[in-house]
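Those protein sequence lines, which keep their order, are chains A and B.
So the number in my numbering is just where the residue sits in the first sequence, counting from 1, plus 7.
So the number in my numbering is just where the residue sits in the second sequence, counting from 1, plus 35.
Careful: at least some of the hints might be erroneous.
Just so you have them, the derived chain A footprint on chain B, three or more residues with Cβ under 8 Å [what the hints assert, rightly or not]:
1) 73-86
2) 120-132
3) 146-152
No more than 30 Å apart at the CA atoms, straight line, and that leaves these computed lysine-lysine pairs for DSS-like [said to hold, decoys possible]:
4) Lys76/B x Lys49/A
5) Lys49/A x Lys99/B
6) Lys63/A x Lys101/B
7) Lys49/A x Lys101/B
8) Lys101/B x Lys9/A
9) Lys63/A x Lys99/B
10) Lys99/B x Lys9/A
11) Lys49/A x Lys49/B
12) Lys90/B x Lys49/A
13) Lys9/A x Lys76/B
14) Lys9/A x Lys63/A
15) Lys74/A x Lys76/B
Note that these hints are calculated values from the structure, not bench results.
Glycine is no exception: its CB is placed at the ideal position from the N, C-alpha and C atoms.
Spelled out from the first residue to the last, the chains are:
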Amino acid sequence: QKEVEQDPGPLSVPEGAIVSLNCTYSNSAFQYFMWYRQYSRKGPELLMYTYSSGNKEDGRFTAQVDKSSKYISLFIRDSQPSDSATYLCAMSVGGANNLFFGTGTRLTVIP
Amino acid sequence: GAVVSQHPSWVICKSGTSVKIECRSLDFQATTMFWYRQFPKQSLMLMATSNEGSKATYEQGVEKDKFLINHASLTLSTLTVTSAHPEDSSFYICSASGLGQGVTYEQYFGPGTRLTVT
Chain A
8 QKEVEQDPGP LSVPEGAIVS LNCTYSNSAF QYFMWYRQYS RKGPELLMYT YSSGNKEDGR
68 FTAQVDKSSK YISLFIRDSQ PSDSATYLCA MSVGGANNLF FGTGTRLTVI P
Chain B
36 GAVVSQHPSW VICKSGTSVK IECRSLDFQA TTMFWYRQFP KQSLMLMATS NEGSKATYEQ
96 GVEKDKFLIN HASLTLSTLT VTSAHPEDSS FYICSASGLG QGVTYEQYFG PGTRLTVT
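For reference, chain A alone in the conformation it holds in the complex (with noise of 0.2 Å):
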């Protein structure tokens, strides 16, 4: 079993639309939870970074962590066509090192 499970999709919702990406994992330390998206061919770049359960909210962006359940969520309102990209969970024990990636959700958000 993967320490992090993620759907890879792919997802196409039309513009306006509210994106639900989710991942689910295994080992119960990690404490910080991340949020990266990937455009084609780029470097990922964090969106959300949350430390152990609760929402947290930034913009369009809802974060959500469920350690009871193993499962995190990232909400995303009014998507829009530039939000079309690849989105990663990642997940860690102690902080920035020893990061577990999901195998990220391709996102394609149409116009």
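Once you have looked at the hints, place chain B on chain A.
Quick look at chain B alone, frame taken from chain A:
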């Protein structure tokens, strides 16, 4: 803040030659740098972790004599692919974590280097 650059962005080399990729933290001190490899439509695979002034720690299955990593300063790490072969063709991405104004202990990624070995 927290900008990481990589050079070159794309390199083509002949089989058997060596290629050096540079990773720089532009506005913070990178106490730790990471090197990843990414194949098309796959996630990032950590190759090695390096701390400034120390030898890199390689992940299982990564040949340290083939992928030479030097973290000579708090702003520069290099990855040298020695005697490159076509199967080494991939997207190589570095990241850095460390200290600086506005910088927290996340990993900040460079834009990546696409290596094609012919």
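Now the hints, each set against the structure:
1. 73-86: Contact hint for the stretch 73-86 of chain B vs chain A: holds, 6 residues under 8 Å.
2. 120-132: holds (count 4)
3. 146-152: holds (count 3)
4. Lys76/B x Lys49/A: Distance of about 13 Å is within 30 Å: holds.
5. Lys49/A x Lys99/B: holds, 25 Å
6. Lys63/A x Lys101/B: violated, 42 Å
7. Lys49/A x Lys101/B: The given pair, whose Cα atoms are some 24 Å apart, holds under the 30 Å limit.
8. Lys101/B x Lys9/A: holds, 27 Å
9. Lys63/A x Lys99/B: violated, 40 Å
10. Lys99/B x Lys9/A: Holds, at roughly 25 Å.
11. Lys49/A x Lys49/B: Roughly 24 Å separates the two Cα atoms, so the pair holds.
12. Lys90/B x Lys49/A: Holds, at roughly 28 Å.
13. Lys9/A x Lys76/B: With Cα atoms ~17 Å apart, Lys9/A and Lys76/B stay inside 30 Å; holds.
14. Lys9/A x Lys63/A: holds, 26 Å
15. Lys74/A x Lys76/B: Holds, at roughly 28 Å.
Of the numbered hints given earlier, the model fails hints 6, 9; all others are met.
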